[in-house]
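J.: Below are the chains, spelled out letter by letter.
Number of protein chains: 2
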Amino acid sequence: VEKELERYHNYPYQRISLQIAEEVIGMEESPVAALKRKRNSSIQVAVNLIKEGRAEALVSAGNTGAVVAITTLHLGLLPGVERAGIAIVIPTLKDPCLIIDVGANINPRPLHLFQYAIMAKVYAEQILQREKPRIGLLNIGEEESKGTNFVKETFSFFKSRNGNLLNFIGYIEGRDIFAGEVDCVVCDGFVGNIVLKVAESLGETITEMLRRELSRNIFSKSVSLLLKNRLKNLKKNLDYSEYGGAPLLGTQKICIIAHGASSAKAIKNAIRVAKEFGGHRINNNIVEALKKC
Amino acid sequence: VEKELERYHNYPYQRISLQIAEEVIGMEESPVAALKRKRNSSIQVAVNLIKEGRAEALVSAGNTGAVVAITTLHLGLLPGVERAGIAIVIPTLKDPCLIIDVGANINPRPLHLFQYAIMAKVYAEQILQREKPRIGLLNIGEEESKGTNFVKETFSFFKSRNGNLLNFIGYIEGRDIFAGEVDCVVCDGFVGNIVLKVAESLGETITEMLRRELSRNIFSKSVSLLLKNRLKNLKKNLDYSEYGGAPLLGTQKICIIAHGASSAKAIKNAIRVAKEFGGHRINNNIVEALKKC
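Residue numbers (the working numbering), protein chains in the order written: chain A, 3 to 295; chain B, 3 to 295.
Some clues are possibly wrong.
One copy or two, either will do: identical chains are not told apart, so a pair holds if it fits within one copy or between any two.
[What the hints assert, rightly or not] Here are the simulated lysine-lysine pairs, DSSO-like style, with alpha carbons at most 27 Å apart:
1) Lys154 to Lys40
2) Lys38 to Lys154
3) Lys234 to Lys96
4) Lys134 to Lys270
5) Lys294 to Lys40
6) Lys255 to Lys40
7) Lys161 to Lys40
8) Lys38 to Lys53
9) Lys270 to Lys154
10) Lys161 to Lys294
11) Lys293 to Lys277
12) Lys53 to Lys234
Hints are computed from structural coordinates only; laboratory data are not their basis.
Bear in mind the structure is a predicted one, so any value in this text is a computation, not a measurement.
Can you build the whole structure from these sequences, using the hints too?
T.: Structure below.
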């Protein structure tokens with residue numbers, strides 16, 4: 003790695019310190035097993051640096067389950083938080099929207115989702131600059147009679163505990179997410195993860211279909227070039243790497259989870275998100291907000 | 003309605019017979035309540051016609067829960083079928099793919115999903131012309147250790163009951179659906195419904211983003227016209243109304259569920275799907291396939 007860095011003559015060597023991490027937690031490994039067996043994984047080594055006060059944030063494109071398990075166990079959760087949740091900002095037809103949880107907690111209780119909503123509210127206010135962010139609970143219909151028992155219990159929990167804490171607008175449907183009808187979508191990590199991956203791949207599928215349509219040799223070169231630039235803008239709107247990593251909300255320290263297939267730009271943006279997160283003191287605000295529940 | 007029909011001079015009046023249905027089941031109504039109170043809804047009247055042998059198929063763009071409840075109760079399920087499931091064909095980067103269930107059964111048991119897979123296989127073979135259709139179980143990762151308890155139990159159920167019945171390829175992720183990695187996706191109706199609605203709205207969102215990009219006044223009129231035609235092709239690829247309605251698989255008779263916001267073309271295509279369904283004798287084949295389990 004040192005040799006590779008030396009190729010970049012002007013890299014800020016004072017600001018980069020290399021750490022040895024001799025083990026790798028594979029993307030397919032069980033997080034719990036990895037947690038026990040691999041003490042020298044890059045995730046564990048980074049978390050140790052934070053524990054020792056030598057680093058302030060973790061940015062990882064590694065095994066998500068392992069990141070969640072190691073940070074929860076070794077850094078701890080914020081006072082009052084029962085479970086950490088992964089929040090991701092996605093583009094919509096209107097303003098970007100925050101979805102929580104997209105994979106940290108696949109068997110949540112209603113309390114967990116309520117706490118996710120509180121954390122999402124704080125994040126949306128501070129990072130996305132939203133006033134009274136609208137919070138929706140993802141379901142298959144907007145009527146109170148619809149949905150699984152878990153979703154109905156969660157809805158009742160929100161109603162009973164909310165008071166004036168959240169601008170809770172009730173159930174929303176899958177179609178409301180990308181229409182930009184809410185600022186924050188709350189759901190369990192199983193559904194959230196599937197929604198995220200479906201959206202990602204459908205975005206790629208559509209731009210690929212479009213590329214095929216446009217490459218049918220009917221346009222002149224100059225027009226094709228113009229079109230390419232328009233397509234680039236569109237792709238940028240849909241490109242998750244532009245939005246950087248997904249913060250793991252609820253942990254004591256700053257933890258940003260990047261896509262396993264992150265490009266250099268995505269990693270850069272994930273580091274930017276970590277910096278913004280620190281600057282806004284979101285964690286303190288989350289703790290304050292949770293005290294009011 | 004008669005007056006409206008008379009405006010179309012050449013309509014095939016011998017082939018259209020009007021039936022009186024004095025009640026409406028609203029889209030927001032609870033299916034069970036509607037089932038009991040409204041004996042003269044269009045859904046109930048149509049189902050009665052099928053029961054009396056005067057009609058062979060139901061096509062409805064009405065309240066989905068009510069359609070599922072009324073057909074299950076009054077027409078019955080096929081021998082061996084425990085629950086009906088809604089199957090929908092969606093476009094992918096490769097060939098169209100069938101997803102079952104997208105909303106009939108939000109609290110399924112593993113057996114229900116296994117039966118859905120059998121029904122999907124028969125449908126994919128006969129309607130989509132696939133040989134040995136690849137069946138995937140929707141999860142948040144491909145490794146056996148991942149997923150909710152329900153998904154893991156379903157996976158074990160598939161492994162123990164399958165034998166050589168299905169070309170079961172195991173877990174698939176959200177990103178595999180639109181990449182076209184499988185012929186049939188099996189999931190519970192809660193997740194399936196959300197996936198469907200997310201995909202639908204994201205398709206609309208992306209084409210709208212694109213329209214905005216392309217209408218920035220930088221192209222000549224002739225180029226714009228060419229582009230519009232290309233966009234039309236793309237939209238057609240993504241337009242669910244082109245694929246017609248979604249068959250409710252497992253019921254004794256033919257039942258096609260159309261989108262609540264169906265256009266005339268979507269209804270036409272839903273009727274086409276009903277006709278194809280009848281011609282292929284899918285129900286008999288489903289019964290035969292289930293006998294082998």
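J.: Confirm or reject each hint.
T.: Verification of the hints:
Proximity of Lys154 and Lys40 under a CA criterion of 27 Å is satisfied inter-copy only: 26 Å between copies versus 40 Å inside one chain copy. Taking the shortest Cα distances, Lys38 and Lys154 sit within 27 Å of each other only across copies (23 Å), while inside one copy they are farther apart (37 Å). Taking the shortest alpha-carbon separations for Lys234 and Lys96, both the intra-copy value of 19 Å and the inter-copy value of 23 Å come in at or below 27 Å. In this assembly of identical chains, the alpha carbons of Lys134 and Lys270 never lie at most 27 Å apart, being 30 Å within a copy and 45 Å across copies at closest.
In the homo-oligomer, the alpha carbons of Lys294 and Lys40 never lie at most 27 Å apart, since the shortest distance is 39 Å inside one protomer and 47 Å across protomers. Only within a single protomer do Lys255 and Lys40 lie at most 27 Å apart by alpha-carbon distance; the minimum there is 21 Å, versus 57 Å between protomers. Taking the shortest Cα distances, Lys161 and Lys40 never come within 27 Å of each other, neither inside one copy (43 Å) nor across copies (32 Å). Only within a single protomer do Lys38 and Lys53 lie at most 27 Å apart by alpha-carbon distance; the minimum there is 18 Å, versus 62 Å between protomers.
Taking the shortest Cα distances, Lys270 and Lys154 never come within 27 Å of each other, neither inside one copy (40 Å) nor across copies (37 Å). For the homomeric pair Lys161 and Lys294, the shortest alpha-carbon distance inside one copy (15 Å) is at most 27 Å, but the shortest distance between copies (49 Å) is not. Taking the shortest alpha-carbon separations for Lys293 and Lys277, only the intra-copy value of 25 Å comes in at or below 27 Å, while the best inter-copy value is 61 Å. For a Cα distance limit of 27 Å, the shortest separation of Lys53 from Lys234 qualifies neither inside one copy, at 42 Å, nor across copies, at 56 Å.
The structure does not agree with the numbered hints 4, 5, 7, 9, 12 stated previously, though it agrees with the rest.
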